[in-house]
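Work the whole structure out from these sequences, hints included.
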Amino acid sequence: MSTLRKIIHIDMDAFYASVEQRDNPAFRGKPLVVGGTPQQRGAVAAASYEARRYGIHSAMPSRLAIQKCRDLIFAPPRFDVYKAISEQIYQIFLAYTDLVEPLALDEAYLEVTSNKLDIPSASLIARQIKVTIFEQTGLTASAGVSYNKFLAKLASGLNKPDGFCLIQPHAAEALVESLPIEQFYGVGKVTAERMHALGIRTGADLKQWTAIDLARHFGKHGHFYYQMAHGQDTRQVVPNRSRKSVGVETSFLEDLSDLDALVEQLGMLSKALQERLEKNQLAGHTLILKLKYADLQQLTRSRTVPELLYKAESLFLLGQQLLKSLPPDERRVRLLGLSVSNFSKEDESTIHTGQLTLEFT
Amino acid sequence: MKLVCGQEQLNQNLNLISRAVATRPTHPILSNILVEATDDGFMTLTAYDLDLGIVSRFPAEVEVPGRTTLPAKYLSDIVSKLPAKAPITFAMQGDDLVMLECGFSEYQVRAMDPVDFPAIPQLPEADSFHVEVQDLLLGLDFTLFSASADETKQVLTGVHIKTAKDNAEFAATDGHRLAVIRTPPVAANGTKTAPVLDVTIPVRALRELQKMLSAHTAETVEVSLDRGQVIFQLPDQRLTTRLLDGQYPNYGQLIPESFIRTADLERKSFLNALERISVLADQKNHIVRMDFSSTGILTLSVDAPDVGSGREQLEIRYTGEDLTIAFNVKYLLEGLRVIQASDIKLQFNGPVNPAVLKPIDGSDFSYLVMPVHLRN
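Just so you know, the protein sequences line up as chains U and W, in that order. Just so you know, we're using my numbering here: the first sequence kicks off at 1 and counts up by one. Just so you know, we're using my numbering here: the second sequence kicks off at 1 and counts up by one.
Keep in mind the hints are simulated off the structure, nothing from the lab. These figures come from a predicted structure and were not determined experimentally. Certain hints may be false.
[Stated by the list, open to error] Calculated pairs, SDA-like style, for lysine to any residue (alpha carbon to alpha carbon, straight line, at most 20 angstroms): (1) Lys345/W / Pro256/W; (2) Lys207/U / Asp116/W; (3) Lys207/U / Asp113/W.
[Claimed, not checked] Residues from chain U that keep clear of chain W, each with C-beta distances beyond 12 angstroms, as calculated: (4) Lys30; (5) Tyr49; (6) Lys68; (7) Pro102; (8) Lys116; (9) Leu175; (10) Pro180; (11) Arg216; (12) Asp258.
Note that the Cβ used here is the ideal one computed from N, Cα and C, for glycine as well.
Here it is as structure tokens:
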């Protein structure tokens with residue numbers, strides 16, 4: 001590899017928990033977890049930073065979490081909301097590069113070696129992305145920048161929350177050497193124990209080993225550990241999803257406050273969206289409603305259904321349900337948008353035509 | 001490792017295995033191919049993406065036996081551009097470099113340790129059986145096109161193969177059409193001990209198998225099967241693939257037992273007319289409208305807004321009441337193209353019921369197509 005790549009890893013801070021605190025002012029600054037309650041025998045899906053101070057972390061049984069903090073708030077997960085925000089963030093990434101590889105709803109790798117805006121500094125891009133995410137969603141993210149995936153991900157975890165860290169090539173060596181073996185990509189509990197048995201506890205220990213000896217002990221992963229120990233990671237950033245959406249939106253001449261007026265606009269948007277979908281021969285399973293208030297704060301709600309969405313009537317019906325599910329808000333609405341995502345991979349020509357299907361039983 | 005081989009053979013064999021190279025490798029070595037040179041004078045190439053594996057070998061002058069792995073893409077791209085019939089020399093240089101020489105061309109390609117290359121599943125030879133290449137190709141030619149390309153449809157992305165005592169049934173469906181063919185019965189032959197199969201094999205692997213079998217002169221292929229894997233073995237080539245899990249739909253009950261309308265047509269003129277119609281139909285929604293008249297005339301028509309419209313008429317033998325029905329023209333074309341018979345039979349009940357297309361030549365092929373519901 002002749003030129004060094006520029007990789008960014010973006011990781012939303014305590015994502016699910018932060019979304020709940022954003023949407024419920026009463027939860028802010030308090031220990032909160034998203035997940036099932038102890039009565040439901042639930043587990044923690046995400047913990048706010050306030051909760052983490054009590055030693056609460058994700059995957060912990062809720063019963064144990066409540067023992068650690070009596071005032072712990074349990075919020076039920078709202079995956080539709082998290083997905084819609086994730087999509088919003090994804091769109092921010094796309095402004096810089098198409099080489100975006102989401103790992104989950106709350107983290108992604110971006111390769112910006114060359115990028116759409118010709119910004120030479122990956123650090124600058126990472127900082128811009130953090131700012132834009134905060135402006136558009138009110139949430140903070142941590143960013144790590146380096147020349148490969150392993151180091152970029154390592155970097156994003158170093159100054160959490162709202163962190164930024166750049167690992168430059170000359171600093172990588174010392175950092176990797178000082179790293180406990182458990183923090184290497186691909187080293188789980190079992191591998192870590194086997195490494196400990198071989199006297200490997202840090203990156204420096206690992207570096208003493210040859211690729212052949214590592215392969216002898218760890219099979220095909222051995223080669224990978226060898227590369228990691230030497231700060232090398234050739235894994236590419238693979239844009240592995242076809243999460244695209246087709247949408248329409250409209251800004252009003254005068255901000256609207258009346259629900260009936262919004263429903264009327266929604267009707268027109270539904271028809272326009274059907275046309276757009278037909279033109280692109282697409283149909284999807286998820287409908288996303290976007291609302292921007294007069295103070296420019298933006299909100300999205302989505303719903304996923306088993307049937308294919310492409311007809312104006314069904315878009316309108318589902319859109320209304322989303323609109324009416326919003327909490328009452330005094331603010332006037334400046335913009336309304338409707339989009340469909342989660343496209344069917346079905347042969348596009350069969351969707352809009354009335355093609356009949358075989359009925360398997 | 002050191003060997004000399006011919007450009008043409010190497011290029012052919014690289015093409016043959018290329019589809020089994022991982023396109024999105026989970027480990028860097030999966031984008032490499034395993035290259036082996038053995039004492040018995042063969043060069044063996046292996047590609048394996050953990051689902052599909054292809055091994056192919058051909059004679060080469062082996063000077064020093066050995067094995068290594070090379071990046072599939074660079075190797076294929078370089079070899080394909082070298083002059084045909086030119087001898088190519090491969091020589092290992094140290095642990096991780098291979099020198100490739102051909103005439104005045106000289107390339108050094110970075111190799112990776114073959115220790116890391118995953119082993120292709122091996123099945124016990126004892127359980128293998130032989131299948132006629134001709135029968136297998138017949139089954140594949142008549143069904144592959146009908147399977148689903150939508151990965152989310154899982155079991156429908158494969159061809160279902162079911163064997164009985166003396167023949168086999170191949171079926172593929174994407175939920176809109178279904179192709180079923182039964183191979184001709186094999187004359188009772190005491191040595192035949194093929195087990196009764198009931199498997200679904202991914203189309204992706206079968207397309208490679210089809211390519212491999214078509215290019216080979218062997219009359220039979222050795223098949224072995226284990227839970228989850230099937231292996232096809234030819235004298236110098238081997239293909240192994242994961243089977244698709246899950247219950248294949250009970251398609252037999254989808255084919256109607258009786259029809260109230262039947263049309264006999266000449267295949268070629270029907271196909272030609274549909275191909276012309278599809279020029280306009282493909283611009284819009286692929287819909288062709290068909291009007292069957294009891295006077296023995298079939299009218300095909302297309303109406304593509306903003307593009308134009310067209311009409312074709314054919315003389316047919318028709319029994320039953322007049323019928324107006326519409327189809328995705330692609331489905332009809334794909335079915336008509338695999339059939340060789342000069343005449344075909346179309347069978348219908350009503351405009352929203354499945355239609356069945358069959359060759360009139362005694363072969364046991366049925367192609368069921370769901371119509372498009374016309375919304376005036």
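- Does the claim that Tyr49/U lies outside the interface with chain W hold up, using a Cβ gap greater than 12 angstroms? holds (33 angstroms)
- Minimum Cβ distance from Lys68/U to chain W greater than 12 angstroms, as the annotation requires: holds (37 angstroms)
- Grab the minimum beta-carbon distance between Pro102/U and chain W and tell me whether it stays above 12 angstroms. With a cut-off of 12 angstroms, Pro102/U remains clear of chain W, as the shortest Cβ separation is near 14 angstroms.
- Grab the minimum beta-carbon distance between Pro180/U and chain W and tell me whether it stays above 12 angstroms. holds (24 angstroms)
- Query: Given the proposed pairing of Lys345/W with Pro256/W, does the C-alpha separation stay at or below 20 angstroms?
  - Reply: holds (15 angstroms)
- Status of the stated non-contact between Asp258/U and chain W (beta carbon gap over 12 angstroms): holds (35 angstroms)
- Message: So Lys116/U supposedly isn't at the interface. Is its beta-carbon more than 12 angstroms from every beta-carbon in chain W?
- Response: At roughly 23 angstroms from the nearest Cβ of chain W, Lys116/U sits farther out than 12 angstroms, so the non-interface label holds.
- Does the claim that Arg216/U lies off the interface hold, with its Cβ farther than 12 angstroms from every Cβ of chain W? Per Cβ check, Arg216/U is inside 12 angstroms of chain W; nearest 8 angstroms; violated.
- Item | Least C-beta distance from Leu175/U to chain W larger than 12 angstroms | Its Cβ never comes within 12 angstroms of chain W, the nearest being 23 angstroms, so this holds.
- Query: Taking C-beta pairs only, is Lys30/U more than 12 angstroms away from all of chain W?
  - Reply: Given that every Cβ of chain W is farther than 12 angstroms from that of Lys30/U, nearest at about 41 angstroms, it holds.
- Would the pair Lys207/U and Asp113/W pass a check requiring their Cα atoms to be no farther apart than 20 angstroms? Distance ~18 angstroms between Lys207/U and Asp113/W Cα, so the pair holds.
- Query: When you check the alpha-carbon spacing of Lys207/U and Asp116/W, does it fall within 20 angstroms?
  - Reply: Roughly 19 angstroms separates the two Cα atoms, so the pair holds.
When held up to the earlier numbered hints, the structure conflicts with hint 11 and nothing else.
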